[in-house]
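Residues per chain are reported as follows:
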Amino acid sequence: MKNIKFLLLGVFFAIVLSKTQAISWYRFYEMFKFQSFHMYGIIGGAVVISAIIMQLFKSGKIKDINGNKITPKPKKKGTVRTLVGGTFFGLGWGISGACAAPIFVILGFKLVPALILLAGALLGAFIYGLLSKKLPH
Amino acid sequence: MDFILQPWPWYIGGPLIAISLFLYFYFGKNFGVSTNLETLCTMAGAGKVSDYFKKDWKERDFALLFVVGLIIGGFISSIYLIPNKAIDLNTTTIKELTDLGFSNVGNQYFPDEIFSKEVYSSIKGFLILLVSGIFVGFGTRYAGGCTSGHAITGLSSLQLPSLLAVIGFFIGGIIATWFIIPLIF
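Listed in order, the protein sequences are those of chains H and E.
Residues 1 to 137 (the numbering used here) are what the first sequence spells out, left to right.
Residues 138 to 322 (the numbering used here) are what the second sequence spells out, left to right.
Next comes chain H alone, as it looks inside the complex (with noise of 0.2 Å):
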């Protein structure tokens, strides 16, 4: 199994967001509300070192485990789908507090609340499939 090394990282980052507080919903309505630095320093961080991490990847000092050049893909372009795509998440994450993989890492501190939450994002990503060729982009 040359893919459990995933499975480990998964454990580890969710570990990570539990620590740090980045699954609770308190900790989402303080960033959106502006009273608290915390997740600006989380995700500002994060941020700030990925992007060193990027470069030395683009300039090629750093190469995949198979020694492959690592390149981000591309994001998809479309002002209309980020922003509104973007505001529908935001809408959902402000009043939840849990973005994607918090959703999975809620399951074991509030397994049933979860599954909920769980259950309504695979009904919107299935909803956005069956409307993607229909929505403008």
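Certain hints may be false.
In silico lysine to aspartate or glutamate, EDC-like type, Cα no more than 20 Å apart, as pairs [what the hints assert, rightly or not]:
no., chain 1, residue 1, chain 2, residue 2
1, H, Lys-73, E, Asp-198
2, H, Lys-33, E, Glu-233
3, H, Lys-73, E, Asp-193
4, E, Lys-222, E, Asp-139
5, H, Lys-2, E, Glu-196
6, H, Lys-5, E, Glu-196
7, H, Lys-2, H, Asp-64
8, H, Lys-2, E, Asp-198
9, H, Lys-133, E, Asp-188
10, E, Lys-166, E, Asp-198
11, H, Lys-134, E, Asp-188
12, H, Lys-33, E, Asp-225
13, H, Lys-33, E, Asp-236
14, E, Lys-166, E, Glu-196
15, E, Lys-166, H, Asp-64
16, E, Lys-222, E, Asp-249
Just so you know, these hints were derived from the structure itself, not from any lab.
Position chain E against the provided structure of chain H, taking the given hints into account.
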């Protein structure tokens, strides 16, 4: 051991998230979480209804294992690593939420008003979770990424679509917390 059981400060979180992103790319894959929502739809047979889901989910087995890891990590953290689940909140936040009718604000990770055990017997609680879940799932796939894929991977690799998506995340999050939460509580 004491450090492990204490809450970790923000300045530990950023670097550890960056290390997670680094390892994900080092293992040869693109860091992100929300594509798994589509993969799970595919596994559940959504390809029968829409061509959008006609994909080979086995090509994303690594990402599904990451998700299994997230779930296991959540249980480990909840049961063993966080003896004290209180959140050190600003007094303004506590007062604001208490005034809205929230109880025991900040004494646990999740408010009972939304994450209650009785949620399946309360229509309101059930709908809040289900609808916000739908918004998260629909929004992230429409936008092409979530906090991991856009805010962290996309911003750090200086991609314009990710900046727009993060602006969208904040528009939505601000509407939700400043206007919708006071309305529904």
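Original post:
Taken at face value, is the distance from the CA of Asp-198 (chain E) to the CA of Lys-166 (chain E) at most 20 Å?
Top reply: 11 Å, holds
**OP:** Measure nothing beyond the straight line between the CA atoms of Lys-33 (chain H) and Asp-225 (chain E); if it is 20 Å or shorter, mark the hint as holding.
**Re:** 16 Å, holds
Original post:
Is the hinted pair Lys-73 (chain H) and Asp-193 (chain E) satisfied, with a Cα-Cα distance of at most 20 Å?
Top reply: This hinted pair holds, its Cα atoms lying about 19 Å apart.
Original post:
Is the hinted pair Lys-33 (chain H) and Glu-233 (chain E) satisfied, with a Cα-Cα distance of at most 20 Å?
Top reply: 11 Å, holds
**OP:** Compare the distance between the alpha carbons of Lys-33 (chain H) and Asp-236 (chain E) with 20 Å, and conclude whether the hinted pair is satisfied.
**Re:** 15 Å, holds
Subject >> Agreement of Lys-133 (chain H) and Asp-188 (chain E) with the hint, judged by alpha carbon distance not exceeding 20 Å >> reply: Satisfied, since the Cα-Cα distance of roughly 10 Å is no more than 20 Å.
Subject >> Satisfaction of hint between Glu-196 (chain E) and Lys-166 (chain E), Cα-Cα up to 20 Å >> reply: 11 Å, holds
Original post:
When you check the alpha-carbon spacing of Lys-222 (chain E) and Asp-139 (chain E), does it fall within 20 Å?
Top reply: 15 Å, holds
Original post:
Quick one, are Lys-2 (chain H) and Asp-198 (chain E) close enough, alpha carbons at most 20 Å?
Top reply: 11 Å, holds
Original post:
Are the Cα positions of Lys-166 (chain E) and Asp-64 (chain H) separated by 20 Å at most?
Top reply: 9 Å, holds
**OP:** Decide if the proposed pair is consistent with the structure: Lys-222 (chain E) and Asp-249 (chain E), CA atoms, cutoff 20 Å inclusive.
**Re:** 13 Å, holds
**OP:** Below or equal to 20 Å on CA atoms is what counts here, so check Lys-5 (chain H) against Glu-196 (chain E).
**Re:** Holds, at about 16 Å.
Checked against the numbered hints above, the structure violates none of them.
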